[in-house]
Amino acid sequence: MTEYIIKNGCVVDPTQGINSQKMDICIKDGKFVDKVSGAAKVIDASGKLVMAAGVDIHSHVAGPKVDMGRLFRPEDKLFRSPMRGKNTRMEMGFSVPSTTKTGYDYARLGFSFVMEAAMPPLEAAHVHEEIRDTPIIDEGAMPVLANNWFLLEYFKNGEIENAGAYASWILNATRGFALKCVNPGGTEAWGWGLNCITIHDKVPYFDITPAEIVAGLMETNEYLRLPHSVHVHANNLGNPGNYTTTLDTLKLAEGFAPNNDFGREQVMHHTHIQFHCYGGESFKSDSFESKSKEVMDYVNSRKKLTVDIGQVTLDETTTMTADGPFEYHLTHMNHLKWSNVDVELETAAGIVPFVYDPATFIAGAQWAIGLEIALFAKDKDRCFVTTDHPNAGPFWRYPRIYKWLLSAKARNDVIENQLKYGGKVIDRTYIGELADKEITLYELAQMTRSGVAKALGLKDMYGSLKTGLAANVAVYDIDPANLPSDPEQYEKAFGSCFAFFKDGILAVEDHEIVNYSMPKKTVWVNSIVPENKQVKRDIRDKFLHSYTIALDNYAVFDEHVHNPYAIKVDITS
Amino acid sequence: MNALHLNMVTQRAVEEGEAMEAGKTTQKYFDVCTVIEMNADDIKAMEIPPNAIVKVTSECGEVIVKAIIARQTCPRGLCHMRQSVWANQVVPPRTQSTGEPQYSGFPVTVEPALDARIVPAVELVQKACNKWNGKLLWPM
Amino acid sequence: MSTVTVTLKKQPELYFEADLITPDQFAGKSAEEIGAVEISEGKIKYPLSTVATIGGAPGVTAAETMIVLNGDWSRVKRIGQQMTAGEIVINSNTDMYTGGWMKGGKITVNGDVDSFTGIAMAGGELMVNGKAENHVGCAYRGDWRGMTGGVLRVTGSAGNDIGTFMRGGTIIIEGDVFIHVLTHGEGGTIIIKGNVEGRVGGQAVKGAVYVFGTIKYMMPGYKYVDNVEAEIDGEKAVFAHYIGDLGERHPTSKNQIVFANLYLKK
Amino acid sequence: MSEVIKNVACPYCGACCDDLVVTVENGKILEVQNACVIGTEIYHHASREGRVGSPRMRQPDGTYKDITYDEAIDYTARMLIKAKKPLIYGFGSTNCEGQAAAGRVAEEAGAVLDNCASICHGSSFLAIFDTGYPSCTLGEVKNRADVVIYWGSNAAHAHPRHMSRYGVFPRGFFTNKGHRGRKVITVDPRYTDTARCSDIFLQVKQGHDYDLFDAFRMVMRGYVDDVPEIVAGIPKEKILEVCDIIKMGRYVHIFFGMGLCHSDGRNHNVDIAINLVRDINEITKCTIMAMRGHYNIAGPGVVWSWQFGFPYCIDLSKGSHAHMNPGETSSVDLANRGEVDAFINIGTDAGAHFPIRSFEKLGSRVPMVTIDPSVNMAATVSDVHIPVAIVGVETGGICYRMDNVPIQYRAVVPPYNGILTDEELFNRILNRMLELKTEGIECDGKWEYAKPLPSLIPVKIEPEA
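Line order of the protein sequences matches chains X, U, A and R. Quick note on the working numbering: the first sequence kicks off at 818 and runs consecutively. Quick note on the working numbering: the second sequence kicks off at 14 and runs consecutively. Quick note on the working numbering: the third sequence kicks off at 100 and runs consecutively. Quick note on the working numbering: the fourth sequence kicks off at 68 and runs consecutively.
Think of the hints as simulated: they come from the structure by calculation, not from any bench. Please note that the accuracy of each hint is not assured.
Derived DSS-like pairs (lysine-lysine); straight-line CA-CA distance at most 27 Å [said to hold, decoys possible]:
no.: 1; chain 1: X; residue 1: K1195; chain 2: X; residue 2: K1068
no.: 2; chain 1: X; residue 1: K1359; chain 2: R; residue 2: K250
no.: 3; chain 1: R; residue 1: K305; chain 2: A; residue 2: K315
no.: 4; chain 1: R; residue 1: K314; chain 2: X; residue 2: K1019
no.: 5; chain 1: X; residue 1: K1237; chain 2: X; residue 2: K1101
no.: 6; chain 1: X; residue 1: K1350; chain 2: R; residue 2: K73
no.: 7; chain 1: R; residue 1: K250; chain 2: R; residue 2: K305
no.: 8; chain 1: X; residue 1: K1101; chain 2: A; residue 2: K305
no.: 9; chain 1: R; residue 1: K314; chain 2: A; residue 2: K322
no.: 10; chain 1: A; residue 1: K322; chain 2: R; residue 2: K305
no.: 11; chain 1: X; residue 1: K858; chain 2: X; residue 2: K1283
no.: 12; chain 1: X; residue 1: K1353; chain 2: R; residue 2: K73
no.: 13; chain 1: X; residue 1: K1019; chain 2: R; residue 2: K244
no.: 14; chain 1: U; residue 1: K41; chain 2: R; residue 2: K95
no.: 15; chain 1: R; residue 1: K73; chain 2: R; residue 2: K95
no.: 16; chain 1: R; residue 1: K272; chain 2: R; residue 2: K303
no.: 17; chain 1: X; residue 1: K973; chain 2: R; residue 2: K244
no.: 18; chain 1: X; residue 1: K1101; chain 2: A; residue 2: K353
no.: 19; chain 1: R; residue 1: K303; chain 2: A; residue 2: K315
no.: 20; chain 1: A; residue 1: K144; chain 2: X; residue 2: K903
no.: 21; chain 1: X; residue 1: K973; chain 2: X; residue 2: K1068
no.: 22; chain 1: X; residue 1: K1241; chain 2: X; residue 2: K1254
no.: 23; chain 1: A; residue 1: K315; chain 2: X; residue 2: K1237
no.: 24; chain 1: R; residue 1: K272; chain 2: A; residue 2: K315
no.: 25; chain 1: A; residue 1: K305; chain 2: A; residue 2: K315
Only a predicted model underlies this, so the values are computations on that prediction, with no experimental measurement involved.
Please work from the sequences and hints to get the whole structure.
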C-alpha cells in the first residue's frame, strides 16, 4: 500500500503533548507509523501546521429533519451554492448542504469524524441511507431517547436494568452510538402542544419530571458502560433567563461517576450551551444578559462535565431540533415557515429558517455568549467548538470561529464594524471583559480534536497522531512559528486545508478534493446486556398496540448499514 | 337528447387502482375506466338511459365513454372520470405554472353518442403519438 | 448611452438561456468579447456570436449600455437576469424569467412574455407591451422575500400569482388577471385595470391592491370599511375600501392592527 | 414446500402497510393475506403469464423484438449523452437505492430528474416551500388524534387501509375507544365513500376550498362576525360547528389529497391549509399530512433532497449546479413546451397519467425508454422497454411511507427470468455512459438530434380499417 511522509510540518498534538514541534508524520497502510521507506510519497509541509483530523461532537448532517431542512428551503440553494468542481459531484446548499457538499466541506476543513446529533430511532434507516451518500467522513449517530415512552415508564418505576436493556436494544436496532437527550419530557408534552420549561415540570400522563429523565439516562448510560456519556440538550433552550434551568440540569450530574473502558471522564455532555446561558426576562437589550460566566464557573469546577459551544456565526441559517416546542416558539417570533414532525412514541423535530442578523442586538449578544463560553473554559479538553450545525450557523464556518477565538482583533472588529449594537452587546455580556483573551493553536487542537475524541470515548480512533492509529491528519497553511498578523489568514487556512488524509488515503491535495470514494465507516456501539424477558415483552406489546410498523421491520436491516464499525461493550462478562 | 355543460374532476377510484395493477391492457381496466360518473338528475336531463354512450369534449380533446350514475354521488353540475387513459384525453395540460395539469375543475360538454365506439387505451395512446399501426398488439 | 444590437439568427431546438445578456455583462466589452458571451441550450453552451449577429458597442459601464434585441426571442429565457443598470429593449416575444432578480435599469419588451417575469425583482423598471403568463413579480419558490422594489407594468392580461410574497414595488396589469393577486403579500402595490376571477389578497399580511374592473369571487376574509377617492396610475376614481385578510396574522403599529388593503373601483 | 413470509410491506399506496403475509412456493406467489384488493393484485400480477422477461426494442412494424440488457443499456446511455436535455421521470414504484442510482445517472447525463409528485403532490411541495409542514408520523394520529379531517382526499379508494390502520378506526394508546372516540370530518365536492365513514361531511363547491380555509382561519382568529353567511357552498353555521369541534379537540389532524393539488390555485390550497394548522396550534394541537399516492413516492423527494437539495423537478443540465422551478422544470411543462429531447419513463406510466396533449409531445417526437416491470401505455410507444424487478415482491430496499418513515421492504420471490433491479440497471447505465464518454461520445451541439436507430423510425399511421 502507498506510503506517505508529511515532512517538516509544525505538529500540534495535545494527546502526546506536542506543541508546535517540527517533525515528520509517516503513514503506511492507512495508519500512522514511526518510519516509512524511501519510496514514500512526500508531502512538503514546511511552514505549515499539522494536526490530527478534526472531530465533530454535534452536527446535524444526516437524517429526516436535516433532509426536511434541505427540502423545504429551495431558496437556500438559489445563487448560494458553489459551482461544481472538476473532479467532484454537485454541491448544493448554503446552510443545509447536500450530502456531497457535507462530506467535501468537512474534508476541506480537515475533519475525519462527525457525530450526527439526533437520530429518531423509527427513522434510523433514513440516517444510514444519508450516511452512505456522504463521502469521505466517518460518522456515527445518536438515537434521541429522552421522550421515549419505554424509558419514561422505566424511569418512572426506577427500573434501570430494564431501561438499560431497552437502550441497548435501541443502540443495536438503530446502529446508534450514544444516548441523546433533547428537551427531556418537553418533547413528549409537545405531543399535546405543551412543553416542560423547568426540570421539575411534570410530563403529561407519564407523570415524570425532566430531572428524573436526565438522571435516569445518566444511570443507564453508566450501567451500560458506553463510550460516550449522555448527550444533553436541556429544557428551556433559547429563552431569556434559562441559565438557571441549565445549572439545575448540570447539577444532576453530581450523583454519578463515569463507568467505562474508553477513558471518558464526563458523565454528561451538555451540547450547544450558548443557547442555554441567557439571563434577563426578554430579548430586549435592557433586559437580556449573558450568564455564560455563571454557567462556565460551574462547568470549570466539575470534571464530570463537558460542553460544546453552539457558536452563532451571524448567517442566515436553518434551525432544526428534536425540541419541537422550541421551533414552534421560534416560528412565532420570526413568522417564517415551520416544519414539524412528531415521531410516534419517541420524539419530535421542528425546523425553521432563521436569520442571525448582525443588525439586531440579540444576534450580537448570542454571538458574544458563544465565544465567552469558549474563552471562559479553563480546561479546553472539556469545551468544544460547534455551531450545532446548522442551528447557530453552518459547520463550514468553523474557520471563522477559530479566527474569532485565536484573534482578539478579529473579534473586536466584529463588535466595532459588523454589529449594529456592539456597544449594547458589550454592556449586556462579558465579551468586553475578555477583550484581550486569545486561545492558542494547542488549545484549538484540544477543542476540535483531542478533547472531542476523548469525550466521545473514541480517543483510540480519532483526534490523535499517535503511532498505530488510523492516519487521519490535516495540514494547514499556517506557520505556528510565524503566526499571521492578519486574522483573515486563519479563516482562509482552516477553511481549505493544504492536505488531508482519511485513513491514510489522500483526500485533499493542494487544497483540492482529489479522492472522495474511499471507504468510510459508520461507527456504532454494539451493547450487550443480560437477557431481559420483561423488556422483550414490553417491546412486543408496544409494537402490537401503539407503533404503526411491524417490530420485524423496525431494526435497520444489515444491508442498509454502510460499512459498519461496531464498538462492542459487553456488560454481561 | 341534450348536451350538458358540466364541471369535471378526474381522480382515483379503487376499481381503477385494482384494474391498473392487473394491467392497463386488460379488459378489466377498459371496463372500469371507460365511464363518466354523473348525477342521476343530470343523466335524466340529457334524456339518455343510464349506461348510454356519450362523447365528452373539453377545451383540448374528446373521448367516448359510458355515462353512469355516480358510484360516489356527484352533485348536479359536477361529473367525475376515474383517472385513466380515457380521462386524460380531455384533461387540459395547462398547469398554472406549477407542473400540475388541470386534473380537476375544467369545463366539459357531455353529449349523447349512442353509436360511437369506445376506443381501447393502447389505440388512443399510440394514435396520439403517431405510432398506431392499425392493430392491437396487446389484445385485451 | 451606447447601444449594442443583437439579432437572433438561429432558433434553438429546445430553449436558449440568456442570463448573461445584460448591460452588466456587456459593459466595457469588445464586440469579440460580447460574441463570446455564452448562451446555453440544455447541456450545450454556445458563444452568442454563433447564434446571433451583434452590432454596435456597449458603454463603459452598465448604466451607459443599452441592448436592443431583434429577431425572434420567444424561445429565450432569462434575458436581463440580475441586471443592475442600463437598458434592454426586446422587439419580440420572450420566454420565462425576463427581468428576473433585476435590481436596476430598464427593460422594455415589445411583445408577450411567459411566466416568472420580474421574479424577485428588487428595483428598476420592467415594461411589457403585451401580455404575461403566470407568476408575475412573484417570489422564488420558498423565499419569503418576493418582489421588493421597482415597477413592473404589463399592458395586456396576466395569469395567476401576481406579486406572490410581494414586499415592495409596484405591479400594474392593464388587462385581466385570473387568480391569486398579492397572495402572502407583505407590502407593495398591485394595480389591476381589468377584471379578476378571484383570490385577491388571500393570506396577505400587508400591501395594497387596486382593481378597476370586477372581482368575481371575493375572499371571505375581506371586510368593507369605507369609500376612498384616489388617483391611481393617472386615473382618478372612487374605490370601495376593504381590509383583510382577516384570516391571516397582522402586525400592530401604534396599537393599531395593520391590514392589507383592497380597493375596488365603484 | 410452501413458505410463509410475514411482515411484508405492500408496494401499492403511500400507507405502506407492512403487515402482509405472503405464501410462496417455488418462486411463485400462492396467497396474500392482509392486503387490500389493489395490493393483492400486485402480488398476483408478478406471477402472471405474459410478463416481459427481457428488454425489447420497437420495430418498424410496431412490434417488439427482444434485445439483451447490454444493447438496451447502450441505447439508453447514448441517448442520455447525446440529448441536450433528457428527462428522467417517474420513480413511483422504485426503491430509494434505485432513486439514488438514478440521481447519479442524471447528474452525469445533465438530465432533468423528476418524479410523479410532479403531477400529484407537487403542489404540496410548493406549499411546503412557502409555509413549511407541521406534520407527524401516522402513529401520532393513531395514538392521539380525536379529530381527523380528510380534505380533498378519498382515502377509502386511494388508500384502502388508511382509515383502518391510522386515521379512523384504530385503537391507539390515548385513543382506546377507536372510532367511537374520534370525530371524523370529510371535505369534498363529491359524497365519497370516505365521506360515508365520516361524522360530518362538508360538500365544498369544487375549486373553492381556498375560500373555505380562509373562513376557517377567520374563525380561529376571532373574526366570527365577519364570516359571510355562505362560503364555498357551506353555510356559516356549519363552518362554526366544525370549528367548534376542532377547537374542542385534544389533537386535530388533517389529511389532504388531490382535491387541493389538482384544482385551481394548486399549491395555495395547500399552503392555506398549512396556515390553518398553524392557527389551530394556538388553540390546540394540530398536525397535517399529505396523502402521498404511491408507496415510495415520498422516496425520491427524500433521496434527491439529500443529493441535490430539491425533491423534484431538478434540472441538472447546467452541469455546475442544480436548478428547480416547477412550472419550468416540471415534466408536464417541459413536455408541453417541447423543452426536452429524450425521455426515460421509469416506474410510472406517463402514457396513461399525463394529459394526452402533454404526453403526445414526448411520445411522437423524442426517443423514449420505458423502465417498468409491466407493459404500460408509455411502454407501448417507447423505443426501448426495459423490464425490472418489482420492488417489494422481487427485490427489497428502503421506501418512504407518506409520513416519510422509512419502511424496509422485502423480496418474497426472486426476480422473474433474472431481470435486473432498478439500482443494478442504473449503475450499469452510469458505467456505460462513463465508458462511452472516454470513447469520445459527447453531446456535441450539432443541431440534429442523436439519430434514432434505423429500426425506430415512427410507424406511419394507416387509415383505420
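For each hint, the structure was consulted:
no.	hint	in the structure
1	X:K1195 x X:K1068	18 Å, holds
2	X:K1359 x R:K250	25 Å, holds
3	R:K305 x A:K315	24 Å, holds
4	R:K314 x X:K1019	24 Å, holds
5	X:K1237 x X:K1101	14 Å, holds
6	X:K1350 x R:K73	23 Å, holds
7	R:K250 x R:K305	15 Å, holds
8	X:K1101 x A:K305	25 Å, holds
9	R:K314 x A:K322	24 Å, holds
10	A:K322 x R:K305	21 Å, holds
11	X:K858 x X:K1283	20 Å, holds
12	X:K1353 x R:K73	19 Å, holds
13	X:K1019 x R:K244	26 Å, holds
14	U:K41 x R:K95	23 Å, holds
15	R:K73 x R:K95	16 Å, holds
16	R:K272 x R:K303	14 Å, holds
17	X:K973 x R:K244	26 Å, holds
18	X:K1101 x A:K353	18 Å, holds
19	R:K303 x A:K315	20 Å, holds
20	A:K144 x X:K903	17 Å, holds
21	X:K973 x X:K1068	20 Å, holds
22	X:K1241 x X:K1254	20 Å, holds
23	A:K315 x X:K1237	48 Å, violated
24	R:K272 x A:K315	15 Å, holds
25	A:K305 x A:K315	22 Å, holds
Violation of the numbered hints given earlier is confined to hint 23; every other hint is satisfied by the structure.
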